[in-house]
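Using the sequences and the hints given, assemble the complete structure.
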Amino acid sequence: MTEPKSSHIYTVSHLTREIKTILEDRFSFVWITGEISNYAAPASGHSYFSLKDANAVVNCVMFKNQKRSLKFALENGLNIFGLARLTLYEPRGNYQLIFEHVEPEGAGALQKAFEQLKKKLGDEGLFDAVHKQVLPYLPDKISVITSGTGAAVRDIIHIAQRRFPNCCLQIVPVAVQGDPALNEIVCAIEAVNQQRSSDVIILARGGGALEDLAAFNSEIVARAIFASNIPVVTGIGHETDSTIADFAADVRAPTPSAAAELVLPEKKQLVRLITDLHFSLSTAITQKLAYFHQKVDDLHSRLKSPVQVVATAKQTVETHFLRMQHALDRQIFHGTEKLSWISQTLLGAAPQLQPRTRQVADLYNHLAITMKTCIFENKHQVRQAATTLTALDPTAVLKRGYSIARTLPDKKVILDADAVAVQDRVEIILSKGRIQTRVEKKIHGKDNI
Amino acid sequence: MAKTTFETALKQLEGIVKEMESGALPLEQALKKYETGIEKVQYCMQILDSTEKKITQLTRGLDGSLGETPFDNE
Amino acid sequence: MAKTTFETALKQLEGIVKEMESGALPLEQALKKYETGIEKVQYCMQILDSTEKKITQLTRGLDGSLGETPFDNE
Amino acid sequence: MAKTTFETALKQLEGIVKEMESGALPLEQALKKYETGIEKVQYCMQILDSTEKKITQLTRGLDGSLGETPFDNE
Amino acid sequence: MAKTTFETALKQLEGIVKEMESGALPLEQALKKYETGIEKVQYCMQILDSTEKKITQLTRGLDGSLGETPFDNE
Amino acid sequence: MAKTTFETALKQLEGIVKEMESGALPLEQALKKYETGIEKVQYCMQILDSTEKKITQLTRGLDGSLGETPFDNE
Amino acid sequence: MAKTTFETALKQLEGIVKEMESGALPLEQALKKYETGIEKVQYCMQILDSTEKKITQLTRGLDGSLGETPFDNE
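Protein chains in written order, with my numbering: chain U, 1 to 449; chain W, 1 to 74; chain B, 1 to 74; chain L, 1 to 74; chain S, 1 to 74; chain F, 1 to 74; chain Y, 1 to 74.
In case anyone wonders, no lab produced these hints; they're calculated from the structure.
For clarity, every value in this text was computed on a predicted model and none was experimentally measured.
In this text, a Cβ means the ideal position worked out from N, Cα and C, and glycines have one as well.
What you were told as hints is all true, and nothing was included just to trick you.
Just a sample of chain U residues kept apart from chain L, beta carbon distances all over 12 Å, derived:
no.	residue
1	Glu18
2	Ile32
3	Ala40
4	Ala41
5	Asn94
6	Leu117
7	Phe127
8	Lys132
9	Ala191
10	Arg196
11	Arg223
12	Glu266
13	Lys267
14	Val307
No more than 25 Å apart at the CA atoms, straight line, and that leaves these computed lysine to any residue pairs for SDA-like:
no.	chain 1	residue 1	chain 2	residue 2
15	U	Lys20	Y	Ala9
16	U	Lys52	U	Glu103
17	F	Lys11	U	Arg302
Partner residues aside, some chain L positions facing chain S, computed with beta carbon under 7 Å:
no.	residue
18	Thr5
19	Glu7
20	Leu58
21	Leu62
Written out as structure tokens, the structure reads:
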């Protein structure tokens, strides 16, 4: 993926911000000296200029409010030294110094001595940036070396407690002016170092004349500050005052109050920062979870079960089944129809019996008629012969009164009286009936009548 | 003895009739012939009757199978 | 012996009828022929009857297997 | 022996019907043909019936697996 | 042996249906095809039923494991 | 074996959803895919749930310690 | 000393928040980070409250030993 790489690619803003953070962390306040050039004072009342030396130049600005305490006018060519915050102006990518306090270089005898000591110690490297210790981000315990009475200690306590209610302060009361001051301040620094229970020392004093600040411009105090293993923050006098101690200190604050502010972060802010980070953390993970939840839900909703596929397939199978059934049904129907038609034809073509029966009956009739005719004709013939025979019946004359006499029992027709004797039995056949009689007398002759 | 057939009997009857028609026969013979003729007539009639009976018999058996009555009109 | 077919029997019957119609037969022979003719008639009738019975049987069997309606209109 | 198929039986039946319709057969042969024809019809009927029965059987078995309603409208 | 997939079975069923619809099969073969077709239908239906069951099971199983409410609106 | 990470499971689920949405899968494969998809959903849901629980736990723990009794739990 | 790590912890917390806000972390790692972040939050909060509010005065006894007495603030 491209993400790992992209984490190494800065946006311009990002880079600029990081640089700004580094610069401002490292050089929150600096004492600087140089010559003014490119001076400009537009209508706003702010002053813009460059500060240069032989080899380098830096952009500077002094706002109207800070300018009010100036006892001299800023102009090109003027050598100055002053306290400034280093910042980076993001819109242009420039770094610049914002001056809090400016003084012209060189003024008065005390000033001279101050300058000499400053130069001497500076040459020794007491003021070198390499020796400056970094202040703890959140000090456990703060030792405040200042007058036990007076506004300075009250201000510091007040501000410290306001910024960090449960802060732990150790007050180391010292004289801050007069002869004992030198020694007491040095001792105090050493004692705190000896005790090693504090993370940071605030060396503070209210404002005063240059003479009143003598202790803070002394070499031994400067050396004691330099020698301290515990970071020292100075808050001496007013904003405009700067002492050797300020130069020797790890960080210089313009006033005691400022020193307290510098040393202690505001607890409320820290809590808010952590709370914000916690909130961001929770938001990030919650959003991530929500995003993934949504994504899983989305995918889940898109993960369609193949139910529709199954339903469609079922329909297809059923359709196939129906088509198959219809095809077979149709075939059976056609087969049945064809068979039915052929069956009817077959029944129609069954052997015809009536004509045959009629034929047989006809022949039978012929046979019968022929036979009948035959018998009839024969009967006729016999009857005719019988009629003719009857007509020739020899006994027909009897009807006319003739009769036939026959001997008994010989039944011989008696043609001659001689053929019989008296007392012979004779039968006489009449037209109707017969008579049996006996011969009583015979009359011979040829003639009968 | 072979039975006289119908035709033979008929022929004999016809012969008797012819002989008698000739008229030359004495009564005695004529009577004999006549008697014989009558016998022949009877014989022939008998044969015809029995033939008829037989036909009726046959026909009756057939009628059953034919259903109709071909000889009813007799 | 092969059974006489209906057609053969019918032919024989026809022959008998023709012979008898020719009229030249003596009575006894005519009766014989008649008798034979009647037999033929009976034989033919028998065949026709049994054929009819068989057809009825077959048709009825078919109707049964064809179910109720297919041949109702016949 | 391979069973006669429905189509073969139907063809044979058609042949028989044609032969019978030509009208030239003697009675006994015509009856024989008729008998065979009826047999063929019955055979074909049987095949159709058993086919139908088989379909019903198969379909019934299937109905279970197809569920209640899909073929109700048929 | 690898199980016939649903798609393969469906293809086979389709083939059978087409063959049957072409009407070119003798009755007995058509019945055989029908039988095979019914088997395919049953096989396909079985697969579809079990698939359906499985889907129901899976879907129910998911709901169960997801608890009561999160996917109610789905 | 290394546990599948949430992102891997999500990717697989996405792949499955896309494949199934393409619609070209045979039935058996579609079912398999669906099954795997459901498993992935369950797996992802489980991870999200347990993550949520863990967060709730951590947050509650933090609240406790941030609330009334700042250092009791330490 | 413990207090010096407050800044470290805060830096780490900031780093974690930035990383998580970048959104590129896998879920499991994000949870890990969150866990660590919560620890850092707890840790930082603890540290902020851990000091006891007091103002003392450094004293040096006659023997040169250092001591602390409550500072009278007025």
